[in-house]
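Below are the chains, spelled out letter by letter.
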Amino acid sequence: MVFNKYNLKLFSTNNMSLTNERIQEKLVEKFGEVVHNFSESHNMLSVEVATNENIKVLQFLYDDEELGFQFMTDLCAVHYPDKTGQELQVVYHLHNLVKNVRLRVKVNAPIDEPNVYTATSLFPTANWMERETYDFYGVNFVGHPNLKRILNVDEMDYFPLRKEFPLEDQTRIDKDDEMFGRGGSLLN
Amino acid sequence: MSRPVRFNVHPKEADINDNIALVPMPDGSTGEGYFATSFESVVGLARKNSMWPLPFATSCCGIEFMATMASHYDLARFGSERVGFSPRQCDLLMVMGTISKKMAPVLRQVYLQMAEPRWVIAVGACASSGGIFDTYSVLQGIDQVIPVDVYVPGCPPRPEAIIDGVLRIQDLIHAEGLRRRNSDHYKALLGTYGIQ
Amino acid sequence: MNEAHQPITLPEGSIEQQTTTLNLGPTHPATHGVFQNILQLDGERIVSTEQTVGYIHRAFEKLAERRPLYQITPITDRLNYCSSPINNMGWHITCEKLLGIQTPKRVDYLRIIIMELARITDHLICNSIVGVDTGAFTGFLYVMQYRELAYEIYEEVCGSRLTTNIGRVGGFERNFNNTAFTKLEKFLAEYPKVLKEFEDLFNRNRIFMERTQGTGAISADRALAYGFTGPNLRAAGVDYDVRVHSPYASYEDFEFDVPVGNTGDNYDRFMVRNGEMWQSLRIIEQAYRKIQQFKGAEAEVYHAEVPAYYLPKKEDVYTKMEALIWHFKIIMGETAIPKGEIYHSVEGGNGELGFYFISDGGRTPYRLHFRRPCFIYYQAYSELAKGAMLSDAIITLSSLNLIAGELDA
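Chains as they are written, first to last, in our numbering: chain P, 1 to 188; chain B, 1001 to 1196; chain R, 2001 to 2409.
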């Protein structure tokens, strides 16, 4: 075993020197109305941030001594077709490895102009995760070095994980939906 | 002239206490002589026992293929000792795993690069028909892009099933006529796939 | 600035006029799985790489939006298919956390045995394939025999070898029978000798060391910035292990070390995986001893008592009406799932495998996102391979343990 500054102390009990209330307090103190909708589910705090301020909030969470959320665990998006004006929601999962605290940051964007600033300069890991989010939902990450499709074919012209698109390929001829219990001519 | 044989010159009589029963060869099968058979059978025999497979392993079925090639289920017993990864050198394209729409042109190109005679075995449910993935990005069976000879179902198929698939291919090879690849029927079949 | 349009400059002292483009295409024996790398070479050295993934994109996340909980388990199998029990149990544990189900200790210990067995099989494939890529084929054939023994143990519990679909929400589908425990004892007796022999072949082997040391190195800073987790991060020097930091399934009851490397190069990754196999053996032995201490009625416990989410026994399903109805309802997702969202992660073979599950109270998840470690750390490959020779780049690729199913989902 090598003892260097990356040797995270092994936690035997929940050594919560940073509580969710303290995170909420610090965020509201610094950003006020920009951070809203705090909620806690299964011990993880979630906060919604105004769309254009996402990098400022992430930078504060990264730099602050006490908060120190310097590891980005995950980045994904969710589509809520019913919330007009805020259909696409980008969700960042952050983790403070030293104090073992996780945080969920959410950013909303309208579906006609889904522009969100990229987190790549702060977290290099966000590079491909944002490409995947763009590929699936069409969220345009402003300032991303290489925003093109990553998992689907390059020529695809729609964003498949949005709720309005079906799962199956509609051009296939050998499998009909009625045999798979999905409606079809037998029921019409 | 060869040196005189020094070992094993006294043939052992079959003994009921040995676990190995030695049976003498039937008359007419030993020594010099003539065998009458068709040229096709001999060529088929030679071809089927010396296949050079190309494992096109994309996903989980690829791991079962690794188990098939490993010592427990050994595919090399059936002649498929040398797996190659260059289509120019291989006879049998074993497609193991899901082929997505992004991968389909690559698969087709690999198939086109193979020289006749070539056989294709679709291992697993995903290669045969798209498997459990009836989605927008998965090709619903590789027979949408290339002609397939044997389908091995399973998700993933057991190594015994993969070996069974290879044995069926061997039966096909043995029974195949020498002129099949130049016949109109075969050309028409390839034509349906858009392959000249 | 579009990085695809940046001119590629040859390094100092190069004698070439321009770089050679080499396509390490999706079908290649050295890439274990389908992903493509377009390399720009200066002679033998790599100047830059461009990765293309998605050749096995099967749309798991969209598929999961259509399927109730039990129908999602077979999809999770196919993420990191070398250690599919870990994925299955990670998914079931996430569902249990959302539903508020507490599993009994015996179930947790049985789960740990299966998960650590899966971790051993994943690492042994990865390490033996690193051996194959350096030209040493024997190690692979030798340890694959023990993967077959692990498959036999899975078969006793769930019936299938590779894509196991093992377990239920709340436990297992059947109790482990004596055959499973006998085979487990055989594994525990024989595998350490095999692993020792495997290590003797590779660890101090001069050729292997010279090929793997110093190549594909990454510093702890860069690894954390790229979101590495699992053995690749531990090889770089950071001892982050989800089993220790956020224990699930009673991992806190067990004593084990977390092997950590220094430089994050290929040799360190190989050694960390070997070390983890030893630690997994240690955990399995402890779990097995703890299980043997359950006597009488406790020894028959193999699931939590949650009739609303745990499929009833098959004998009852075939004979009693009520059990049949419950079975139908649970499979079709007609039992109530509370509204809410949860992110839960487990230590997969490659790192932190996370499940972000948003439920709107319906039959199927509203959104299920898999945090796939392979996808996240493959981004760093261009940094790892830059300046390396072509053969070193191949070893780096295989020592990262990239599983295509997890890369593309």
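Be aware that one or more of the hints could be misleading.
[Unchecked claim] Pairs of lysine to aspartate or glutamate, DMTMM-like flavour, derived with a Cα cap of 25 Å:
| hint | chain 1 | residue 1 | chain 2 | residue 2 |
| --- | --- | --- | --- | --- |
| 1 | R | Lys-2329 | R | Glu-2065 |
| 2 | P | Lys-99 | R | Glu-2285 |
| 3 | R | Lys-2186 | R | Glu-2065 |
| 4 | P | Lys-99 | R | Asp-2253 |
[As the list claims (entries may be wrong)] Non-contacting residues of chain R with respect to chain B, defined by C-beta distances greater than 10 Å in every case (computed):
| hint | residue |
| --- | --- |
| 5 | Gly-2054 |
| 6 | Leu-2063 |
| 7 | Pro-2074 |
| 8 | Ile-2075 |
| 9 | Arg-2078 |
| 10 | Glu-2156 |
| 11 | Leu-2162 |
| 12 | Pro-2247 |
| 13 | Gln-2286 |
| 14 | Arg-2289 |
| 15 | Lys-2320 |
| 16 | Met-2332 |
[To be verified] Covered stretches of chain P (chain R as the covering partner; in silico rule of three or more C-beta atoms under 8 Å from a C-beta of chain R):
| hint | segment |
| --- | --- |
| 17 | 125-139 |
| 18 | 159-167 |
What the hints contain is simulated information worked out from the structure, not anything from laboratory work.
Backbone N, C-alpha and C fix where the C-beta goes; we use that ideal spot for every residue, glycine too.
Results of checking the hints against the structure:
{"no.": "1", "hint": "Lys-2329/R to Glu-2065/R", "in the structure": "holds (18 Å)"}
{"no.": "2", "hint": "Lys-99/P to Glu-2285/R", "in the structure": "violated (31 Å)"}
{"no.": "3", "hint": "Lys-2186/R to Glu-2065/R", "in the structure": "violated (42 Å)"}
{"no.": "4", "hint": "Lys-99/P to Asp-2253/R", "in the structure": "holds (21 Å)"}
{"no.": "5", "hint": "Gly-2054", "in the structure": "violated (5 Å)"}
{"no.": "6", "hint": "Leu-2063", "in the structure": "violated (6 Å)"}
{"no.": "7", "hint": "Pro-2074", "in the structure": "violated (6 Å)"}
{"no.": "8", "hint": "Ile-2075", "in the structure": "violated (8 Å)"}
{"no.": "9", "hint": "Arg-2078", "in the structure": "violated (6 Å)"}
{"no.": "10", "hint": "Glu-2156", "in the structure": "holds (15 Å)"}
{"no.": "11", "hint": "Leu-2162", "in the structure": "violated (5 Å)"}
{"no.": "12", "hint": "Pro-2247", "in the structure": "holds (29 Å)"}
{"no.": "13", "hint": "Gln-2286", "in the structure": "holds (29 Å)"}
{"no.": "14", "hint": "Arg-2289", "in the structure": "holds (30 Å)"}
{"no.": "15", "hint": "Lys-2320", "in the structure": "holds (30 Å)"}
{"no.": "16", "hint": "Met-2332", "in the structure": "holds (17 Å)"}
{"no.": "17", "hint": "125-139", "in the structure": "holds (count 6)"}
{"no.": "18", "hint": "159-167", "in the structure": "holds (count 3)"}
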